[in-house]
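Position chain R relative to chain L; hints supplied.
Protein chains: 2
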Amino acid sequence: MKNTILVVGSVALDSVDTIHGSTKRALGGSAVHFSLSASQFTPVKMVGVVGQDFPEKYRGYLKRRNISLEGMEVLPGKTFHWVGRYDRDYKNAETIATHLNVFEQFKPKLNEDHKRCGVLFLANIDPDLQRSVLDQMGEPRLVACDTMNYWISLKKPSLLKLLKKVDMLFVNEEEARQLTGEYNLIKAARLIMKMGPRGIVVKRGDAGAMLFFKDNVLSVPAHPIEKVVDPTGAGDTFAGGFMGYLAAAPDWKNFDVIRRAMSYGTVMSSFAVEDFSTKRVGTVSKPQICSRFNKYVDNLHIR
Amino acid sequence: MKNTILVVGSVALDSVDTIHGSTKRALGGSAVHFSLSASQFTPVKMVGVVGQDFPEKYRGYLKRRNISLEGMEVLPGKTFHWVGRYDRDYKNAETIATHLNVFEQFKPKLNEDHKRCGVLFLANIDPDLQRSVLDQMGEPRLVACDTMNYWISLKKPSLLKLLKKVDMLFVNEEEARQLTGEYNLIKAARLIMKMGPRGIVVKRGDAGAMLFFKDNVLSVPAHPIEKVVDPTGAGDTFAGGFMGYLAAAPDWKNFDVIRRAMSYGTVMSSFAVEDFSTKRVGTVSKPQICSRFNKYVDNLHIR
Chain L
595 MKNTILVVGS VALDSVDTIH GSTKRALGGS AVHFSLSASQ FTPVKMVGVV GQDFPEKYRG
655 YLKRRNISLE GMEVLPGKTF HWVGRYDRDY KNAETIATHL NVFEQFKPKL NEDHKRCGVL
715 FLANIDPDLQ RSVLDQMGEP RLVACDTMNY WISLKKPSLL KLLKKVDMLF VNEEEARQLT
775 GEYNLIKAAR LIMKMGPRGI VVKRGDAGAM LFFKDNVLSV PAHPIEKVVD PTGAGDTFAG
835 GFMGYLAAAP DWKNFDVIRR AMSYGTVMSS FAVEDFSTKR VGTVSKPQIC SRFNKYVDNL
895 HIR
Chain R
595 MKNTILVVGS VALDSVDTIH GSTKRALGGS AVHFSLSASQ FTPVKMVGVV GQDFPEKYRG
655 YLKRRNISLE GMEVLPGKTF HWVGRYDRDY KNAETIATHL NVFEQFKPKL NEDHKRCGVL
715 FLANIDPDLQ RSVLDQMGEP RLVACDTMNY WISLKKPSLL KLLKKVDMLF VNEEEARQLT
775 GEYNLIKAAR LIMKMGPRGI VVKRGDAGAM LFFKDNVLSV PAHPIEKVVD PTGAGDTFAG
835 GFMGYLAAAP DWKNFDVIRR AMSYGTVMSS FAVEDFSTKR VGTVSKPQIC SRFNKYVDNL
895 HIR
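The listed protein sequences correspond, in order, to chains L and R.
Heads up, the first sequence is in our numbering, so the first residue is 595 and it goes up one at a time.
Heads up, the second sequence is in our numbering, so the first residue is 595 and it goes up one at a time.
Looking at chain L on its own, in the form it has when it is part of the complex:
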């Protein structure tokens, strides 16, 4: 179970409207986007909650990707439903409605298999819940978490307690600044490291991503995409590719391994935005991933 990732986060139905079309109650949620991406590299077990309306076809879709759903609890009521809209520039999602539904009662409970997973990814949920999951775990060799502006504002003390115990933190630029009060990302990352994590990934959308690990700073570009259809879940897909590759690697603390993980994260998220919901990442093949990875890495190999 050394290479198996346990992911705890949201499972959702997303209704999204964009200039390229729209989707109704499509498969979404941070744990889902993460899992579909990570399962391309390593076994994944998912812990989440859905309502009785959660379509059986989505369950099959995830299982076919070898994602263990034993931890996906079904509660009376409806599944988390997000309704959103993107403008032409795809910079910010406009939330039209958030129906938390059964997600409001989410109390992650791990079984014995979950507890023995070597790698843990705490997707963006209440930091108190993230800590309760960590407390239930055995001794994972790699723990990473995501968070958001809402928790930084409302539950900072709880988040800071969590950060003491995680190896890697995923944030976007604004979250890094909000967490530290420092505008410059290099300085902000250094301050976050003092809070606990030894590695920080700053997701920057179409500006790529930055990695801070010990004394190393790495900035990588996004893979240019000609037709962005739906960026929902791109950040979780990035984290899935990154963590999936790290989980499968013999030594995740090796900087060469981490740089490749950044590239796989980039490549997986570039697939994510090409179609609605999980359509592209759920069906992309290993050779397609390898081919885009090689093209991306070759292009950046400046001779």
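To be clear, the hints were calculated from the coordinates, so they are not data collected in a lab.
Treat the hints with caution; some may be incorrect.
No copy labels: a pair is met if it fits in one copy or bridges any two.
[Stated by the list, open to error] No more than 20 Å apart at the CA atoms, straight line, and that leaves these computed lysine to any residue pairs for SDA-like: (1) Lys-685 / Asn-766; (2) Lys-808 / Leu-785; (3) Lys-873 / Asp-611; (4) Lys-685 / Gln-772; (5) Lys-847 / Leu-894; (6) Lys-685 / Glu-768; (7) Lys-889 / Val-811; (8) Lys-685 / Arg-798.
Frame of chain L, contents of chain R only:
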């Protein structure tokens, strides 16, 4: 003169206010930033105009960098003076005052040496003036130009005539979109290529830069800088490093050469923002440039 760059553009005095301090009537202008950067790689001749107040020390500063100032005309009156301010995020310069002064009478006149330069860079000035310069030239083997939103709005027909005759265009994201009406940068670049240029560099500030050349697309990250002091002229400094490297190379159309040029542009602009005005780029040494270039390229060489 095959490798000599002729640059035509503004010479200015800049008064800039930032969170890290301010500067009064410091050396600036597109031709100046470009020249100081390009002259690290190849001989540069500058064509511009200044007033009688232009400080002798700035003239000496440029000459010591082997920039030929024979084309720097002195007119009765004052030098172009820009007064601006940057916020903490350094995203947009706020213009407080623009005193064009003698720059309003700028009518670039080339001497015989200028006309024989192998490479021409038309910095951001009125496209009618850019065309008049091109008409005076012999047969340069590489012509590049910059422009801005103002000319795209006010003089688009003239700009389009110019674009038919240039090899490379430098724009930022908004300019690429404004010029084509297309939001996606890959699609926008393809439309611009139909207007004439076979290469397009899209400058994206701290998100790096993108290059489109024939069928190739390359996105490179910015070199992360811990303390951004003054971004004025960073785009022209990028163009200077890029064009300087291309001018000195045996075959500028080779994609490997162009990729290195993108990296040198990135590295030069990373120096530019580290201090006010031209202080850093005007004093940086060859070994410092090489060291940062090697670090940048090594970091992106994902093994």
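Against the structure, the hints come out as follows:
1. Lys-685 / Asn-766: Both: 13 Å inside a chain and 17 Å across chains, each within 20 Å.
2. Lys-808 / Leu-785: within (12 Å within a copy, 43 Å between copies)
3. Lys-873 / Asp-611: within (16 Å within a copy, 49 Å between copies)
4. Lys-685 / Gln-772: Answer is both: 19 Å inside a copy and 18 Å across each meet the 20 Å cutoff.
5. Lys-847 / Leu-894: between (22 Å within a copy, 18 Å between copies)
6. Lys-685 / Glu-768: Both: 13 Å inside a copy, 14 Å across copies.
7. Lys-889 / Val-811: Answer is between; shortest inter-copy Cα gap is 11 Å, intra-copy 23 Å.
8. Lys-685 / Arg-798: This pair counts as both: shortest intra-copy Cα distance 10 Å, inter-copy 15 Å.
Violation of the numbered hints given earlier is absent; every hint is satisfied by the structure.
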